[in-house]
Amino acid sequence: MSTGPAHLGDLLRSARVLGVSDPDELATLAAAMGLTLSSASPSARPSDASSDRGPRATDPARPSPDGGAAPEGPDATDPARRSRDGGTASEDSGAADPARRSRDDGTAARTSRTGPAGTDASSAHTAPSAPGGGGTSTGPNHPSPGTPGSPESPPEQPPDPDTTPPTGGSLLLIRAARPAPDLEAGHPLWRENVATDPRDDGAEALLGHAEAFDVPWATAPPRPAPPWNPQTERAIFLALAATCRTGRAVDHLRLVDMAVRSLAGGRGARPRVPYRQRSTTRAGVLLLIDRGESMRPFRHDQEWAARLAARILPPGGLRVLDLRIAQGVSRDRGRTWDPHPVPPHGQPVLLLSDLGHLQPPLPGRHHSSPARWLPYLRRLREAGSPVVCLTPYPAEEYPVAVRQAVGLVPLDRRVSVRFAQTAARQDPRRAGRPR
Amino acid sequence: MIKLFDPAGESERPTEVGRIPVRDTARLDDQVYLFDDRTVLAVNVALASGRPLLVLGPPGSGKSALAPNVARLMRFRYYAEVVTARTEPHDLLWREEAFRQLNDATRGRLRHPGSRAYFRPGPLWKALDPAVDEGGVPALRDRPAVVLIDEIDKADPDVPDALLDPLNNLRFVGPDRRTVTAPEGVGAPLVVITSNQERELSAAFLRRCIQLQLEPPDREHLLEVARLHMGDDYDDALAVELAEMFENGSVATRPTASTAEFLDTLRACRQMGLTADSGEWRAVADLAMVRGSPDTSAYA
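Sequence order for the protein chains is A and B. Going letter by letter, the first sequence gives residues 252 to 686 in the working numbering. Going letter by letter, the second sequence gives residues 76 to 375 in the working numbering.
What the hints contain is simulated information worked out from the structure, not anything from laboratory work. Note that the structure is predicted; figures quoted are calculated from it, not measured. Misleading hints may appear alongside valid ones.
[Said to hold, decoys possible] With a cut-off of at most 20 Å between alpha-carbon atoms, the simulated SDA-like pairs for lysine to any residue come out as follows:
id	chain 1	residue 1	chain 2	residue 2
1	B	LYS229	B	HIS165
2	B	LYS229	A	GLN598
3	B	LYS229	A	PRO481
4	B	LYS229	A	GLY568
5	B	LYS229	A	ALA561
6	B	LYS229	A	ARG664
7	B	LYS229	A	PRO565
8	B	LYS229	B	SER277
9	B	LYS229	A	ARG632
10	B	LYS229	A	GLY498
11	B	LYS229	A	ALA510
12	B	LYS229	A	GLY535
13	B	LYS229	B	TYR309
14	B	LYS229	A	ARG558
15	B	LYS229	A	ARG485
16	B	LYS229	A	GLY567
17	B	LYS229	A	ARG499
18	B	LYS229	A	ARG533
19	B	LYS229	A	ARG529
20	B	LYS229	B	PRO164
21	B	LYS229	A	ARG562
22	B	LYS229	B	GLN272
23	B	LYS229	A	ARG654
24	B	LYS229	A	ARG623
25	B	LYS229	A	GLN578
26	B	LYS229	A	ALA577
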């Protein structure tokens, strides 16, 4: 929850109304409101003392104002400590539930920005043994092998998203703008792939501490940053997935227009109530994920888009199918293939594909070209389904025939909500014609 | 076992309508609620801060029953709106009687366009202004209100976003361009919003709410709820057996089994005359306490 002024005011108002004056009760009240008080709990005092070094000393994940990583304490390079931290908030947020993980990440990021350590239990617990380390997990994405305060540097260093290009990721990362520094520092995305062993399964009692043998960083490749701006991705997706339906609110402007035409002696229309159009996701969405070879470099973007759709659309409104234009669609991850589907009339189709735009030097048997997509795209349009293709490439790189057949929205940070609305609502048949 | 429905003996058996429980009177969901400390604190914070209380939790955990019980205990007026996929942003404020307006216009009896005759106040309007609530209890007219907005995650995302300002300021501009707010002397309403978290709410909306997450029930909680709801019909041995069955994995691993299903099983066993000694209660529990878990995979 936000620590903005509105909620601090709420806390003060609630405390006054409820007659709360004791610091512990105030901390309980603040916790119930989702606020964190750094100095409210006596247990947090030791870490507060460590915070005298400055705010950044307690929040290693937060970048310094000049863009560099914050200074780290001695424990930042301690593999055992890093291994212990592997089971804390950033990873426990749950890989199985992307929506929840997203929310948890946001909460964690906000919490880490609230200032000194001691704001959560783990930080209060670890503060005495790590005077400079603070409470939040430092994250191996800011290694400091040459730091004077770290006598034992680990033999190897984890991949650093700041300097290392993500392997297997999207080429969009090269073309698009970089995310905000605090987002990168606050979201060590590559750590989300780490499989965390359950600590209470009794293995530790039998085998002893295995932390010394742990790999000090995750071996999973880093996950690229989201292709759309996280602050607007929800609105962009809604602009693409929503359809216009007649609502229940009267359209007064059209009503006045009808009345004026009637008074002016126009053709007498039978009385009817004009209703406003509203955008809704009631029709659901058919999400087609292109599993062709040319989309292999963008599989992370496809997974991201599917997770985003699952977060925003109602559970029964989303249908996800793997698609190969030469084979059809698969419901079982490629074991069997069915003919290309045509959704019910009016249901939007979101296509995660480059439409065969990428031409590899040695194309395989599943490679396609834009010309092979055109018949299916036209079939979808004729069936009354608005089709939008989320593509890694700019729309200008596609032939006019493709632009006329489908709305093209790049997987790019520069895409705005307005652009998405325009792309989704304009008639693609006019897209290639000069204005 | 008592059989309320028996096809074999249906023709010979005399009519026993009285034995079949009337559903509304047999349930005490609106009259009994087990408040834990965290829930009480969250309600207090929501009341004190004037913020909506967003109640999250699995289905059947008592999210929707919280609001009427708070209203009952505090003697507040109570209004509820169950949100569906067709709910529109203004439905919680008012609904326009367009056909009535059209009918009056064709008959030449059209009133002022902002006339209250053409607008039906929604629950939030009634909660703020008891004067527009024609069907309300007169004794509670000067009391604040509790508004339940149930399952807001079913609505399109523009619905919660459109409620940001009315919920934040507890006032809105009505169809007649006049500001609707709580009159002096009547306190601000407590707005309770529930969500099954089937889809994500916007950050702006979440920021304006006091969030209460109801956790899956443990054994003691289940037994206490059973005591409260069953009253004199509480069978301790059967409740303990059911709670153990719930807790020990045969049922609790299914995501949809919750307190409501536990109570359903107890009620069914009581109506059918089953006790912990009879082995048939397990079959009843398999039917009543285990609900089919929906396929959460989006792969069709």
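* Asked: Checked against the structure, which of the hints given earlier come out wrong?
  -> 3, 6, 9, 11, 13, 23, 24, 25, 26
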